[in-house]
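The sequence shown begins at 0 in numbering that gives the first Met the number 0 and counts up one residue at a time.
Do not take every clue at face value.
[Claimed, not checked] Below, in silico cross-link-like pairs of lysine-lysine (DSSO-like), each with a Cα-Cα straight-line distance of 30 Å or less:
1. Lys310 to Lys48
2. Lys187 to Lys271
3. Lys239 to Lys229
4. Lys48 to Lys187
5. Lys310 to Lys24
6. Lys239 to Lys271
7. Lys229 to Lys271
8. Lys187 to Lys310
9. Lys229 to Lys24
10. Lys48 to Lys271
11. Lys24 to Lys187
12. Lys239 to Lys310
13. Lys112 to Lys271
14. Lys229 to Lys48
15. Lys271 to Lys310
16. Lys310 to Lys229
17. Lys24 to Lys48
In short, the hints are calculated from the structure, not lab data. Here the structure is a predicted model, which means the values were calculated and not measured.
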Amino acid sequence: MPVIFDHMSALADPLRCRILLLIEKRELTVSELCAVLQIPQSSVSRHLKTLADDDWVASRRDGTSRFYSMPLDDLDSAASQLWPLIREQVAATAAAGQDERRLRGVLTRRRAKSQEFFATAAADWDRLRSDRFGDTFHLWAVLGLVDPALVVGDLGCGTGQLTETIVPFVRRVIAVDGSADMLEAARKRLSDQPNAEVRQGDLESLPLESNLLDAAMLSLVLHYSPDPAKALTEVARVVKPGGRVLIVDMLPHEREEYQHQMGHVWLGFSEKQMSRFLAGAGFSDIRIRPLPADPDASGPTLFAAVATRAKADAHLD
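Start from the sequences, fold in the hints, and give me the full structure.
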């Protein structure tokens with residue numbers, strides 16, 4: 000029997016189609032799907048198993064959590080042709096609209112724990128980062144960006160340490176962070192830097208004009224994002240075609256206490272994950288390398304990912 004009939008059987012239940020619509024562009028846990036769909040955990044797990052058995056769903060473990068996603072790049076030809084037709088019909092339903100609204104609330108709750116941590120940690124933030132990662136990792140990361148003509152965005156700037164490092168060497172730095180407490184510390188630190196500007200906003204909705212930046216830096220911030228793929232798509236919007244992005248973050252690790260102590264959403268990112276996020280956001284020429292370990296640092300190994308905003312991505316302008 001043609002494989003497309005197996006795929007159609009797996010998608011015969013509208014609820015399973017709604018699940019795929021939710022995890023097509025982001026990873027979600029079973030409990031998050033329960034909150035969005037408002038059905039019991041047993042029902043969600045049963046539908047996920049049916050979808051996984053037909054290769055519609057992939058999963059990965061992150062600490063004690065398991066995240067589910069739709070492996071679009073790995074779908075067979077029949078599934079790749081079938082899904083756009085199903086998606087168009089399902090996305091137009093009232094139920095899908097309600098799912099999207101509830102999903103926004105779920106993702107907001109993801110961010111809440113991080114924001115609770117930031118509200119009290121600004122005074123100790125430099126010490127916390129130094130204890131875990133040392134004092135020089137950012138110097139390794141910015142070497143490829145030093146160009147006196149650059150307009151640079153320090154996205155997720157925290158207390159402004161990275162902006163302070165690079166601002167003497169570029170034309171302008173716009174430092175953005177979602178935490179008012181962090182930004183207050185950054186303003187004090189950068190008060191004597193006339194070409195540094197501080198703005199408040201989230202990675203997923205940056206307070207920046209499209210095609211503004213020659214380069215963007217995201218240093219130890221992406222693991223706080225509830226939706227890294229959406230965040231990098233937003234970064235692509237504000238970076239000029241041909242501009243570059245630099246991401247510094249942790250490789251996959253098992254320090255689950257970071258989620259409870261510092262509000263981390265993700266326990267690091269693999270090279271494959273990061274390449275997929277960047278390519279999906281419209282970046283090309285992706286290079287990812289581990290950074291040299293600081294012998295005095297207690298945290299996981301860091302990596303630097305550099306990529307170029309594709310010049311042909313007119314749909315992001």
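Results of checking the hints against the structure:
1. For the suggested pair lysine 310 and lysine 48, the alpha carbons sit about 40 Å apart, so the restraint of at most 30 Å is broken.
2. With a CA separation close to 38 Å, the supplied pair lysine 187 and lysine 271 exceeds the 30 Å bound.
3. Taken as a hint, the lysine 239 and lysine 229 pair is honoured in the structure, with Cα atoms around 18 Å apart against an allowance of 30 Å.
4. Between lysine 48 and lysine 187 the CA atoms are separated by roughly 52 Å; this puts the pair beyond 30 Å, and the hint is violated.
5. Of the supplied pair hints, the one linking lysine 310 and lysine 24 holds, its CA atoms being roughly 23 Å apart against a limit of 30 Å.
6. For a cut-off of 30 Å, the pair hint linking lysine 239 to lysine 271 stands: about 25 Å separates their Cα positions.
7. Distance hint between lysine 229 and lysine 271 is fulfilled; the C-alpha atoms sit about 17 Å from each other, no more than 30 Å.
8. For the hint pairing lysine 187 with lysine 310, the CA-to-CA distance comes to about 37 Å; that exceeds 30 Å, so the pair is violated.
9. Between the alpha carbons of lysine 229 and lysine 24 the distance comes to roughly 8 Å, so the proposed pair stays at or under 30 Å and holds.
10. A hinted pair counts as satisfied when its Cα atoms are at most 30 Å apart, and lysine 48 with lysine 271 qualifies at roughly 24 Å.
11. About 38 Å separates the Cα atoms of lysine 24 and lysine 187, which puts this hinted pair outside 30 Å; it is violated.
12. Restraint check: the Cα-Cα separation between lysine 239 and lysine 310 comes to about 8 Å, which is no more than 30 Å; the hinted pair holds.
13. With a C-alpha separation of about 27 Å, the suggested pair lysine 112 and lysine 271 falls inside the 30 Å cut-off, and the hint holds.
14. In summary, the hint linking lysine 229 to lysine 48 is supported, as the alpha carbons are separated by about 26 Å, within the 30 Å threshold.
15. A hinted pair counts as satisfied when its Cα atoms are at most 30 Å apart, and lysine 271 with lysine 310 qualifies at roughly 23 Å.
16. The suggested pairing of lysine 310 with lysine 229 holds, with an alpha-carbon distance near 19 Å, which does not exceed 30 Å.
17. Between lysine 24 and lysine 48, the direct Cα distance comes to roughly 19 Å. Compliance with the 30 Å bound is thereby established for this hinted pair.
When held up to the earlier numbered hints, the structure conflicts with 1, 2, 4, 8 and 11 and fits the remainder.
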